[in-house]
Amino acid sequence: MGKLEKHFYDIGLLDTLAGQDTAVHRLDPRAKLITTMVFIVTVLSFGKYVISALVPFVIYPLFLLTAGNLPPGYILKKILLVSPFAVMVGIFNPMLDQNTLLTIGGLSVSGGWISFTSILLRFFLTVGAAMTLLAVTGFHAVCMSLEKLGAPRFFALQLLFLYRYLFVLVDEAVRMVRARSVRVFNGRGMGVAVYGSLLGHLLLRTLDRAQRIHSAMWCRGFDGNIRILKPLSFGRTEYVFMAAWILAFIVLRLANFPVWLGSTVAGIMG
Amino acid sequence: MSHHIVEAQDLHFTYPDGTQVLQGISFRITHGESVAIVGANGAGKSTLLLHLNGYLTATSGGLRIGDSPMTPENLKHVRRAVGLVFQDPDDQLFMPTVFDDVAFGPLNLGLPEAEVQDKVKEALETVGAWHLHDRPPYRLSGGEKRAVAIATVLSMSPDILVMDEPSSNLDPRSRRGLINLLKGFTHTKIIATHDLDMVMDLCHRTLVIREGGIIADGPTAEIMRNEELLASSNLEMPLSLRTCPACGETPGLVSTHR
Numbered sequence: 017m018g019k020l021e022k023h024f025y026d027i028g029l030l031d032t033l034a035g036q037d038t039a040v041h042r043l044d045p046r047a048k049l050i051t052t053m054v055f056i057v058t059v060l061s062f063g064k065y066v067i068s069a070l071v072p073f074v075i076y077p078l079f080l081l082t083a084g085n086l087p088p089g090y091i092l093k094k095i096l097l098v099s100p101f102a103v104m105v106g107i108f109n110p111m112l113d114q115n116t117l118l119t120i121g122g123l124s125v126s127g128g129w130i131s132f133t134s135i136l137l138r139f140f141l142t143v144g145a146a147m148t149l150l151a152v153t154g155f156h157a158v159c160m161s162l163e164k165l166g167a168p169r170f171f172a173l174q175l176l177f178l179y180r181y182l183f184v185l186v187d188e189a190v191r192m193v194r195a196r197s198v199r200v201f202n203g204r205g206m207g208v209a210v211y212g213s214l215l216g217h218l219l220l221r222t223l224d225r226a227q228r229i230h231s232a233m234w235c236r237g238f239d240g241n242i243r244i245l246k247p248l249s250f251g252r253t254e255y256v257f258m259a260a261w262i263l264a265f266i267v268l269r270l271a272n273f274p275v276w277l278g279s280t281v282a283g284i285m286g
Numbered sequence: 035m036s037h038h039i040v041e042a043q044d045l046h047f048t049y050p051d052g053t054q055v056l057q058g059i060s061f062r063i064t065h066g067e068s069v070a071i072v073g074a075n076g077a078g079k080s081t082l083l084l085h086l087n088g089y090l091t092a093t094s095g096g097l098r099i100g101d102s103p104m105t106p107e108n109l110k111h112v113r114r115a116v117g118l119v120f121q122d123p124d125d126q127l128f129m130p131t132v133f134d135d136v137a138f139g140p141l142n143l144g145l146p147e148a149e150v151q152d153k154v155k156e157a158l159e160t161v162g163a164w165h166l167h168d169r170p171p172y173r174l175s176g177g178e179k180r181a182v183a184i185a186t187v188l189s190m191s192p193d194i195l196v197m198d199e200p201s202s203n204l205d206p207r208s209r210r211g212l213i214n215l216l217k218g219f220t221h222t223k224i225i226a227t228h229d230l231d232m233v234m235d236l237c238h239r240t241l242v243i244r245e246g247g248i249i250a251d252g253p254t255a256e257i258m259r260n261e262e263l264l265a266s267s268n269l270e271m272p273l274s275l276r277t278c279p280a281c282g283e284t285p286g287l288v289s290t291h292r
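Those sequence lines, one after another, are chains A and B. Everything in the first sequence is counted per the working numbering, starting at 17 for the first residue and increasing by one. Everything in the second sequence is counted per the working numbering, starting at 35 for the first residue and increasing by one.
Because the hints were derived from the structure by calculation, they are not lab data. Treat the hints with care, since some could be wrong.
[What the hints assert, rightly or not] Chain B regions said to be covered by chain A (calculated; three or more residues, Cβ under 8 Å):
#, stretch
1, 80-89
2, 104-116
3, 168-174
All C-beta atoms in this analysis are idealised placements derived from N, C-alpha and C, irrespective of residue type, glycine included.
Using the sequences provided together with the hints, build the complete structure.
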């Protein structure tokens, strides 16, 4: 099986996970979406050299992970898959910012390295929260609640269609790559020129399909609005879930627990 | 009162790039008829189907659906009255779940929620796919996709069902299931296909299209026996009419092999 195909089946697993039936899965998607957005904003609001105060925030993605019965390895792999972006963002910090901020046993650590670590930590927290959110909610439920919460309709529509046709597109690409690979000998035919042609074809096919989908939508009375029947119910559980977590985020934002814990322990020992 | 009639008068259609596809098509299909449209690849079958619910507008000539001529004003009515099932179910199933997809049309028609729920359930039960209502469409098998694609149209309570190659890519059993399903419908049916054996089972009348014109219009049983006519349209006599190579039984009779 090709690499592309493996990734394809991997994405599908996210849907299977979202189809489970646990207490967090049953929560109204809007509650989870808002809570996760507050989480992300809180995590991003810390100063650029903060590390220790960020660590306790791991509790939220961990909670979704365990309560949602998700396989940690799978989620971790998905996070690592996008981690190069975060590394690229922060990789130059150690070179640009060489002021010593910290000395550990004679080893001086520059501000650049600290901010780099902080960026990576934030990345793991925010992407981890987003991934677990998707895995306990499902992509289309997230899109729908985005729309219900007032995000531009076209934005939500675009996302929905992107997700729906991602599978068809990947399928088509997989078939083309497969068809090529069975006719490649000694590496001949693997060149960039052939890639260009493959991509060109894929684009043309996509345009054709877009046309057909549009006609299929039109035939069933599409007028620019997507209407979805979903009995979303925002009840007490949702309010409690949101209130409890947002309160926790505020507390964690204001008080630096690792430091507090450290000094308390030091105080007791001393 | 609509009489579920489809009438085309001298339809012509030319694509913007200059390709002339329909060159004077006329027919009249009456209430409850089941009609096959057959012809070679590129003869204009699909283009003709897209006219029947107003997606494409004829360059010249007229079309009547039910009591009303096809005009921009009654397009909405025509779209509801004519349910078009596309050849590739992936084009037709674009919503996140099967339920949402089947509800798409009725919701766009502005039906009240409770009625939409009923229509969706009824349509999915008709095609035997209610158990799939929670599933995302891309996770279905080919046969399931086809059944759901038909349900997406049934939920709008069309008077006329128009289908493009409904039996393509189906395994024999799914194909048989589809044929039995369609047999049970009392709608006026218009089916474009190469599956002439299905035509034998479903349609009493056949239109043969070649190069954008109708070259034959008559009872299926007659047309399917006209080997010359079929060959001129890149078609072959259906298997059910050919002499059985195993037992030499006469064509057209019900064979009971053991």
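Does the structure break any of the earlier hints, and which numbers would those be?
Result: no hint breaks.
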